[in-house]
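Trainee: Modelling step: build the complete structure from the supplied sequences, incorporating the hints.
There are 2 protein chains.
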Amino acid sequence: MKLYRKAVLPLCFQANAVACGIKRSGKPDLALFYSEAPAKAACRFTANKIQAAPIKINKSYLKNNRQFQAIIANSGNANCFTGAQGLKDAAETSQAAALALGIEKEGVLVASTGIIGKKLPIQKIKKAIPDLAAGLSCGGIDKAKKAIRTTDTFDKEITAKFNIGASTVTICGLAKGAGMIAPKMACPERRPSTLLGPSPELVEGRSRGATMLAFIFTDAEITQKALDKALDMAVDNSFNCITVDGCMSTNDSVMVLANAAAMNAPIDANKNFASFSNALKAVCLELAKMIVKDAEGATKFIQISVAGARDVSQARIAALSIANSNLFKTAIYGQNPNFGRIVAAIGASAIEVKEKDIKIKVSPLKKSRISVDVSVGRGKARATVYTSDLTPEYIKINAEYN
Amino acid sequence: MKLYRKAVLPLCFQANAVACGIKRSGKPDLALFYSEAPAKAACRFTANKIQAAPIKINKSYLKNNRQFQAIIANSGNANCFTGAQGLKDAAETSQAAALALGIEKEGVLVASTGIIGKKLPIQKIKKAIPDLAAGLSCGGIDKAKKAIRTTDTFDKEITAKFNIGASTVTICGLAKGAGMIAPKMACPERRPSTLLGPSPELVEGRSRGATMLAFIFTDAEITQKALDKALDMAVDNSFNCITVDGCMSTNDSVMVLANAAAMNAPIDANKNFASFSNALKAVCLELAKMIVKDAEGATKFIQISVAGARDVSQARIAALSIANSNLFKTAIYGQNPNFGRIVAAIGASAIEVKEKDIKIKVSPLKKSRISVDVSVGRGKARATVYTSDLTPEYIKINAEYN
Numbered sequence: 001m002k003l004y005r006k007a008v009l010p011l012c013f014q015a016n017a018v019a020c021g022i023k024r025s026g027k028p029d030l031a032l033f034y035s036e037a038p039a040k041a042a043c044r045f046t047a048n049k050i051q052a053a054p055i056k057i058n059k060s061y062l063k064n065n066r067q068f069q070a071i072i073a074n075s076g077n078a079n080c081f082t083g084a085q086g087l088k089d090a091a092e093t094s095q096a097a098a099l100a101l102g103i104e105k106e107g108v109l110v111a112s113t114g115i116i117g118k119k120l121p122i123q124k125i126k127k128a129i130p131d132l133a134a135g136l137s138c139g140g141i142d143k144a145k146k147a148i149r150t151t152d153t154f155d156k157e158i159t160a161k162f163n164i165g166a167s168t169v170t171i172c173g174l175a176k177g178a179g180m181i182a183p184k185m186a187c188p189e190r191r192p193s194t195l196l197g198p199s200p201e202l203v204e205g206r207s208r209g210a211t212m213l214a215f216i217f218t219d220a221e222i223t224q225k226a227l228d229k230a231l232d233m234a235v236d237n238s239f240n241c242i243t244v245d246g247c248m249s250t251n252d253s254v255m256v257l258a259n260a261a262a263m264n265a266p267i268d269a270n271k272n273f274a275s276f277s278n279a280l281k282a283v284c285l286e287l288a289k290m291i292v293k294d295a296e297g298a299t300k301f302i303q304i305s306v307a308g309a310r311d312v313s314q315a316r317i318a319a320l321s322i323a324n325s326n327l328f329k330t331a332i333y334g335q336n337p338n339f340g341r342i343v344a345a346i347g348a349s350a351i352e353v354k355e356k357d358i359k360i361k362v363s364p365l366k367k368s369r370i371s372v373d374v375s376v377g378r379g380k381a382r383a384t385v386y387t388s389d390l391t392p393e394y395i396k397i398n399a400e401y402n
Numbered sequence: 001m002k003l004y005r006k007a008v009l010p011l012c013f014q015a016n017a018v019a020c021g022i023k024r025s026g027k028p029d030l031a032l033f034y035s036e037a038p039a040k041a042a043c044r045f046t047a048n049k050i051q052a053a054p055i056k057i058n059k060s061y062l063k064n065n066r067q068f069q070a071i072i073a074n075s076g077n078a079n080c081f082t083g084a085q086g087l088k089d090a091a092e093t094s095q096a097a098a099l100a101l102g103i104e105k106e107g108v109l110v111a112s113t114g115i116i117g118k119k120l121p122i123q124k125i126k127k128a129i130p131d132l133a134a135g136l137s138c139g140g141i142d143k144a145k146k147a148i149r150t151t152d153t154f155d156k157e158i159t160a161k162f163n164i165g166a167s168t169v170t171i172c173g174l175a176k177g178a179g180m181i182a183p184k185m186a187c188p189e190r191r192p193s194t195l196l197g198p199s200p201e202l203v204e205g206r207s208r209g210a211t212m213l214a215f216i217f218t219d220a221e222i223t224q225k226a227l228d229k230a231l232d233m234a235v236d237n238s239f240n241c242i243t244v245d246g247c248m249s250t251n252d253s254v255m256v257l258a259n260a261a262a263m264n265a266p267i268d269a270n271k272n273f274a275s276f277s278n279a280l281k282a283v284c285l286e287l288a289k290m291i292v293k294d295a296e297g298a299t300k301f302i303q304i305s306v307a308g309a310r311d312v313s314q315a316r317i318a319a320l321s322i323a324n325s326n327l328f329k330t331a332i333y334g335q336n337p338n339f340g341r342i343v344a345a346i347g348a349s350a351i352e353v354k355e356k357d358i359k360i361k362v363s364p365l366k367k368s369r370i371s372v373d374v375s376v377g378r379g380k381a382r383a384t385v386y387t388s389d390l391t392p393e394y395i396k397i398n399a400e401y402n
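Just so you know, the sequences run in chain order A and B.
All letters in the first sequence, in the order written, are residues 1 to 402 by my numbering.
All letters in the second sequence, in the order written, are residues 1 to 402 by my numbering.
Each hint should be verified, as a subset may be incorrect.
Treat identical chains as interchangeable: a pair holds within one or across any two.
Straight-line distance between alpha carbons at most 20 Å, and here's what the computed EDC-like set of lysine to aspartate or glutamate pairs gives [stated by the list, open to error]: (1) K225 <-> E393; (2) K184 <-> E352; (3) K380 <-> D142; (4) K119 <-> D357; (5) K367 <-> E400; (6) K225 <-> E92.
Bear in mind the hints are in silico, worked out from the structure with no lab data behind them.
Mentor: Written as structure tokens, this is what we have:
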């Protein structure tokens with residue numbers, strides 16, 4: 001398997017983006033990803049109890065259908081806490097894209113990121129969709145990867161290629177996210193949600209929801225079951241292991257489309273699974289790390305490993321407790337070896353631990369990449385999470401943004 | 001019941017403080033509180049799994065004994081993550097005070113706040129204790145209230161007075177705390193802990209643990225059961241309802257001594273309980289609010305109420321989820337009405353809630369006191385918590401302090 005730090009669309013995928021006028025800056029804010037043939041889809045969405053309208057629409061589609069041919073995504077507006085109107089707008093966005101593409105009515109997944117609690121400018125979006133669809137191309141991915149950005153300072157993109165027999169399979173991933181990042185993503189089929197009612201009259205203000213979105217495209221031929229299994233494993237060890245600010249978004253989404261264009265020997269849970277699964281894991285982990293590297297205001301990239309835990313869940317709870325400790329994060333920013341704050345964070349996580357068993361190692365604090373290795377001496381399980389420091393710039397960005 | 005914003009010791013209590021040399025600044029760092037007669041004690045300690053040595057010593061004393069005559073407290077060093085040596089030092093501190101006071105060997109409770117992971121300078125402390133004890137006086141409370149401070153910018157003190165028949169009962173409280181504040185305090189008898197072993201060789205750095213400590217003195221005559229019950233109710237609605245930075249300390253402690261000197265008609269769970277309980281609640285709530293007002297770097301005092309929850313626990317979980325959201329706290333600092341961040345925080349708390357039922361009201365953001373009133377429309381329970389905004393100054397204080 002080879003990894004390339006650039007998005008290269010797999011066979012029979014195209015993309016495009018336009019500026020439809022959601023962002024006041026006039027920058028691109030509407031992206032379309034298209035597969036020339038129907039593709040299998042696997043999605044994971046935020047575990048936040050308040051979910052954005054596009055997530056609800058996707059979930060309703062996914063109940064009837066697992067074949068999709070496109071994803072439409074806007075930045076600048078999260079279409080969340082927007083009630084019945086929000087649901088209508090998300091559905092109309094998806095259906096306008098389907099119409100322009102000449103595909104099935106429920107064939108387009110939809111995603112949004114940006115301000116929470118503000119009505120989506122649906123007329124602007126609908127007006128832009130015909131040109132957006134008409135301009136699709138393989139190279140359009142370079143426009144699309146920029147159009148999904150909000151406070152991101154760089155494009156998050158990666159491509160994995162590997163062989164199955166004589167066929168080359170490609171997995172290409174894009175992501176956005178820099179703040180409101182503490183994803184906990186679940187499989188929609190296993191945690192069904194119901195469509196919720198309106199509430200726009202209750203919204204007295206506006207908020208940015210910086211969210212993480214990841215769109216992954218592959219030309220692999222793979223069974224639905226294998227695709228779901230591989231995505232579960234990949235998300236659990238990547239996006240679910242990062243935190244910027246401990247704030248779980250209402251819009252976090254990971255979507256994979258697999259269109260079988262590589263004509264490879266089919267992948268299922270037994271055959272060729274490891275090749276695909278490892279490549280998908282690598283794509284997700286690289287994208288997740290890029291989100292942390294681009295964390296709002298961050299000066300440090302921090303890897304925290306907790307070993308010697310009774311089980312992986314306890315290891316991850318302890319690691320995330322450290323990663324989400326404001327005192328730990330400010331200590332790393334200040335390059336101060338305040339390791340007592342790590343001890344306090346481990347104890348606060350309420351995992352099984354005794355003082356005498358705790359071992360802590362921290363790499364030199366002057367560097368921009370920091371690793372924290374903790375052992376809690378209770379068992380053999382280990383987990384690794386990634387986070388950033390907490391800086392005055394994070395506060396400036398989030399105090400002033402509106 | 002009358003409240004006075006000054007510490008006035010009840011009958012037959014005395015206090016004193018000295019600078020024994022723990023703090024590099026040379027400011028007072030060792031305080032002693034003394035009751036002329038043995039007093040009933042009630043204590044609540046942090047739920048952090050890593051507990052400072054003085055807490056472990058107090059717990060071991062409390063297993064055998066509920067009568068104490070003094071509290072000795074140092075600032076500048078938390079005596080936490082200090083292994084067997086730390087336990088020895090905490091016990092020696094307590095016993096040196098008992099010796100100087102001529103009282104029972106296990107008659108002195110002990111508390112520490114300051115750096116985590118650094119050996120207590122026990123010789124300096126022991127050397128200072130005879131003078132500390134010799135200088136006890138009623139007025140000494142004014143020295144003692146300063147000696148327990150770390151990053152605190154003002155003294156936290158309050159006195160309640162109320163009558164039972166012809167007797168006036170006094171409850172006087174002191175507190176310290178400004179950062180590492182997210183107390184969750186439990187009754188030591190109900191959650192027993194064992195003495196833990198050593199680990200100083202694992203400590204590769206030093207940390208401040210800013211902690212909250214509260215010392216409460218009353219001349220009430222009250223049964224042990226009533227005292228415990230009143231403290232549970234008071235702590236649960238005060239210290240356990242504040243958060244500055246979501247970081248639970250290893251040293252949080254609340255201690256009450258009741259010496260019966262007021263000679264009031266005895267208070268038990270039925271007789272005169274409400275008078276005492278309400279006064280203790282008021283004392284704890286005022287002290288808790290003072291901690292939030294003095295929160296490191298804060299520019300805003302924020303009260304968050306969640307109503308309409310299924311039960312009080314769910315209401316408090318939702319309120320604390322908002323209070324601990326860095327995005328919410330930076331929005332308040334920036335005076336930006338990003339109320340979507342409140343919605344996201346409620347959803348992230350995983351309490352039962354539907355989008356259409358959420359109502360949010362926020363008072364004008366330009367003022368220094370902000371109230372956030374949320375209703376989640378699921379029941380009749382309500383909870384209120386108190387927090388501060390997150391500012392560049394908080395980061396500066398915690399990045400640079402060592």
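Trainee: If a hint holds in the structure, say so; if it doesn't, say that too.
Mentor: Taking the hints in turn, this is what the structure says about them:
no.	hint	in the structure
1	K225 <-> E393	neither (44 Å within a copy, 51 Å between copies)
2	K184 <-> E352	between (23 Å within a copy, 17 Å between copies)
3	K380 <-> D142	neither (44 Å within a copy, 52 Å between copies)
4	K119 <-> D357	between (53 Å within a copy, 18 Å between copies)
5	K367 <-> E400	between (29 Å within a copy, 17 Å between copies)
6	K225 <-> E92	neither (30 Å within a copy, 64 Å between copies)
Checked against the numbered hints given earlier, this structure breaks hints 1, 3 and 6; the rest are met.
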